[in-house]
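Novice: Can you make the complete structure from the sequences, with help from the hints?
Quick note: the sequence shown uses full-length UniProt numbering, first residue 1, plus one each step.
Since the hints were made in silico from the structure, they are not lab data.
Check the hints yourself; a few may be wrong.
What the hints assert, rightly or not - List time: in silico DSS-like cross-link candidates among lysine-lysine, alpha-carbon distance up to 27 Å:
(1) K93 x K69
(2) K69 x K53
(3) K93 x K123
(4) K90 x K123
(5) K69 x K123
(6) K93 x K53
(7) K90 x K69
(8) K90 x K53
In this text the structure is predicted, and so the values were computed from the model without any measurement.
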Amino acid sequence: MFITKILYYFIGKSKWRVFVPAAPTMSSCMLLMLFFIQSDAQIRYSIPEEVRKGSLIGNVAQDLGLDLKRLRSGRARIVTGENVQYAELKTDKGTLVVNERIDREQLCGDVTPCSFTFEIYWKTRWSYTRLLLRCWM
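Specialist: Following this line, the structure appears as structure tokens:
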């Protein structure tokens, strides 16, 4: 209500009239809530250091109980904050594999335990799901 009054104060004084509802309707609130729904999941995998490229880290689809069609249709992708993408998601099998050689000393130095974190995003019908993965060495 307060925001509506402020908007009316600024918009109402202009020569262009804009309709600002006094109170949002229930359906518009529900629609807005559905638009911003996001669900999160978290999985942790332990992997040895310096494993070969293509080595299996884990089966994401199986661990989350997802069918492969849902993973593929949501256009799942890995998002990292780093230049190197250490893992690759194979959406045809739902598996996570090593994409680049992981050197523990280069990644973490003397820090113990060593881990790297990345996210997998995919879109479902009404939500956008984020999966946080942490790999320990």
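Novice: Hints first: check each against the structure and report whether it holds.
Specialist: Hint check:
1. K93 x K69: holds, 10 Å
2. K69 x K53: holds, 26 Å
3. K93 x K123: holds, 18 Å
4. K90 x K123: holds, 16 Å
5. K69 x K123: holds, 12 Å
6. K93 x K53: Holds - the C-alpha atoms of K53 and K93 are around 17 Å apart, at most 27 Å.
7. K90 x K69: Holds, because 13 Å separates the two Cα atoms, which is no more than 27 Å.
8. K90 x K53: holds, 13 Å
The structure meets every hint from the earlier list without exception.
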